[in-house]
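K.L.:
For the protein sequence lines, the chains are A and B, in the order given. Mapping of the first sequence onto our numbering: position 25 corresponds to residue 25, and the numbering continues sequentially without gaps. Mapping of the second sequence onto our numbering: position 32 corresponds to residue 349, and the numbering continues sequentially without gaps.
Hints listed in this document are in silico derivations from the structure and should not be mistaken for laboratory results. Every value quoted in this text rests on a predicted model; they were computed, and no experiment measured them. A hint or two may mislead.
A partial selection of chain A residues facing chain B, derived with a Cβ cut-off under 8 Å [claimed, not checked]:
#, residue
1, P83
2, R99
3, H101
4, R246
Heads up, simulated DSS-like pairs for lysine-lysine below, C-alpha to C-alpha not over 27 Å straight-line [unchecked claim]:
#, chain 1, residue 1, chain 2, residue 2
5, A, K126, B, K326
6, B, K336, A, K138
7, A, K237, A, K288
8, B, K326, B, K336
9, A, K132, B, K365
10, A, K184, A, K132
11, A, K126, A, K138
12, A, K132, B, K326
Beta carbons: idealized from backbone N, C-alpha and C, even for Gly.
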Amino acid sequence: MSTSPVIETDHLSKHFRDNVAVADLSLQVERGEIFGFLGPNGAGKTTSMKMLLGLITPTAGNGNVLGAPLGDREAKRRVGFLPEHFRFHEWLTAEEFLRLHADLYRMEGERTTRRIHELLELVELKAHAHRKLRTFSKGMLQRIGLAQALLSDPEVVFLDEPTSGLDPMGRRLVRDITRDLRTKGTTVFLNSHFLSEVEVTCDRVAFIKEGIIVRIGSLDSLMNGELQVVIRVRNLKPESHQGLTRWCRNLQIEGEQLTFQLDSEDQLPSITRYLIEQGGDVYTVQPKIIALEDLFLEIIGENDSLEPRDEAISLKS
Amino acid sequence: MRSIFTITKLTIREASRRKILWAALILGLLFLIIYGLGFHYARLDLVKSMQQRSGMNIVLLHEMVNFLLLAGLYSVNFMVIAMSALISVDTLSGEINSGTIQTLVTKPIQRWQIVIGKWMGFGLMLTFYLLLMAGGTMGVVYATSGYLAPHSTQGVALLWMNGMLFLSLSLWGGSFLSTLANGVVAFGLFGVAFVGGWMEQIGSFLGNQVAVNIGIISSLIFPCEAVWRRLVFNMQSPLVTRLGVSFFSSSSVPSQWMIVYAAAYAVVLLIIAMWRFNRRDL
Ligand SMILES: Nc1ncnc2c1ncn2[C@@H]1O[C@H](COP(=O)(O)OP(=O)(O)OP(=O)(O)O)[C@@H](O)[C@H]1O
Ligand SMILES: [Mg+2]
């Protein structure tokens with residue numbers, strides 16, 4: 001296995017007439033990574049994914065997937081895809097549908113039949129294998145679409161909002177499948193505006209807005225510098241508060257409760273030690289990672305500055 | 318090749334699942350029954366009136382039978398053309414619109430293979446339909462009267478060509494137009510060819526060269542009517558050919574080159590369809 005990135009793009013852009021859907025997409029996704037692509041409606045997530053899959057020709061720039069140019073036929077054998085508007089040939093039964101796509105992957109034999117049944121079981125549609133897709137609910141279609149994306153045991157799977165039609169059980173299913181894929185070393189490129197989904201499954205995320213990547217990095221690195229801490233301490237002399245400003249930003253004091261922001265969790269022990277030295281009785285130290293949602297809103301809400309603010313996070317990862 | 322066949326099979330299965338195949342078959346059979354009955358009684362009448370007036374004239378009877386056969390084939394020609402356009406008009410644009418195409422083209426298959434696979438699927442079904450309809454029409458005539466028109470196989474080949482011409486046309490349109498626009502273009506071109514064909518007929522009958530030229534130009538724009546008139550020229554009885562006038566044809570006969578042109582036209586349309594589909598965003 002090569003160590004070169006599974007997905008690599010170099011200044012990809014797509015213009016629909018005078019509408020810029022994707023402005024300048026440069027990113028790399030490493031093998032085995034679960035990569036989240038987050039952004040509000042119309043940000044350019046689907047367009048980006050379609051360019052990576054060869055469905056849309058980029059206006060400029062280039063890229064490769066699995067070392068091959070975008071849309072390369074042989075590379076497509078090792079790629080799975082669940083489209084956003086999962087519409088399939090509804091006059092096929094679930095099993096026939098998977099068989100068709102196995103045919104297109106040029107899979108055959110007993111193993112393929114086994115694989116199809118295995119997947120039907122995985123997405124919990126075994127009981128409906130012989131029903132026409134026409135009679136399927138939205139969530140069931142999404143499940144069968146997911147099975148279709150996993151048919152060939154692909155090395156990289158593209159999922160465009162895989163949970164949008166699913167009930168909570170279905171969401172958990174997708175999460176579990178994504179985790180299984182991670183264990184197997186499969187690379188996953190996940191479009192989403194479900195922050196919770198990205199939060200629990202993704203190794204790295206990119207925030208995209210109006211066709212531009214606003215931030216990209218591992219979740220940890222994105223959260224870095226956004227740590228909020230609440231400490232309850234009694235018997236602390238007011239003059240001791242001053243000493244805290246060494247570490248703390250935005251210190252607020254309400255009675256025995258101190259609220260402030262830190263650059264890093266690593267500073268917490270020193271702070272606790274200091275408070276004790278100053279004669280304070282520390283009851284609780286509660287670091288609160290700002291939820292991804294707040295971060296999302298914060299990043300996406302940055303109308304005026306679309307440049308990455310944090311030096312720790314480079315645009316090109 | 319295997320990918321192409323997968324699409325071909327899919328196309329045929331879709332037509333059968335959506336009951337298109339069955340509808341066409343049942344109505345085709347109904348057509349043959351009605352044509353057969355009509356032919357049978359028309360011929361009986363002819364024979365009777367001939368016997369009453371001037372006695373049996375086998376040559377004249379054959380002229381009449383030939384006319385009735387061409388009338389049947391005229392309907393078959395139209396039905397094959399209409400069927401061809403109808404079953405395929407939605408196949409590319411519809412799949413693009415609904416998004417079903419997205420899971421297909423992201424599989425290890427070339428886009429042009431999808432187009433050619435569909436062409437083959439529809440082509441096979443149309444061939445079958447045409448054999449049933451044209452064969453049935455000729456069969457009915459032969460069984461009732463023992464009459465076999467000249468160049469029958471060539472005639473079937475020309476009808477087939479018209480079917481494929483429209484199939485290629487609607488795949489070409491589907492590769493970049495909406496379903497509705499595609500249908501409008503197909504029937505618009507049919508109209509142009511049709512009216513041009515008649516202008517050429519009438520022009521040549523009246524000796525008006527301008528009308529003939531307009532007819533030829535419209536045949537170049539879309540050659541389906543020319544193909545039909547070539548069929549009539551080949552299949553009509555030698556006597557009518559000599560006289561030069563009949564309801565279906567006239568002295569202005571499309572040359573063999575027009576047939577070659579029509580075949581090339583179909584092939585080029587199909588190639589452009591593949592090329593356009595290859596390049597477009599899905
Ligand atoms: N075929 C098209 N023609 C014209 N504009 C398009 C086309 N497809 C997308 N766009 C535009 O490109 C932009 C990005 O769209 P895209 O579908 O990539 O967004 P998205 O991030 O996937 O949004 P969502 O979360 O709603 O799925 C939008 O402004 C959209 O209007
Ligand atoms: Mg989208």
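K.L.:
Which numbered hints turn out to be false for this structure?
P.N.:
Failing hints, ascending: 2, 4, 9, 10.
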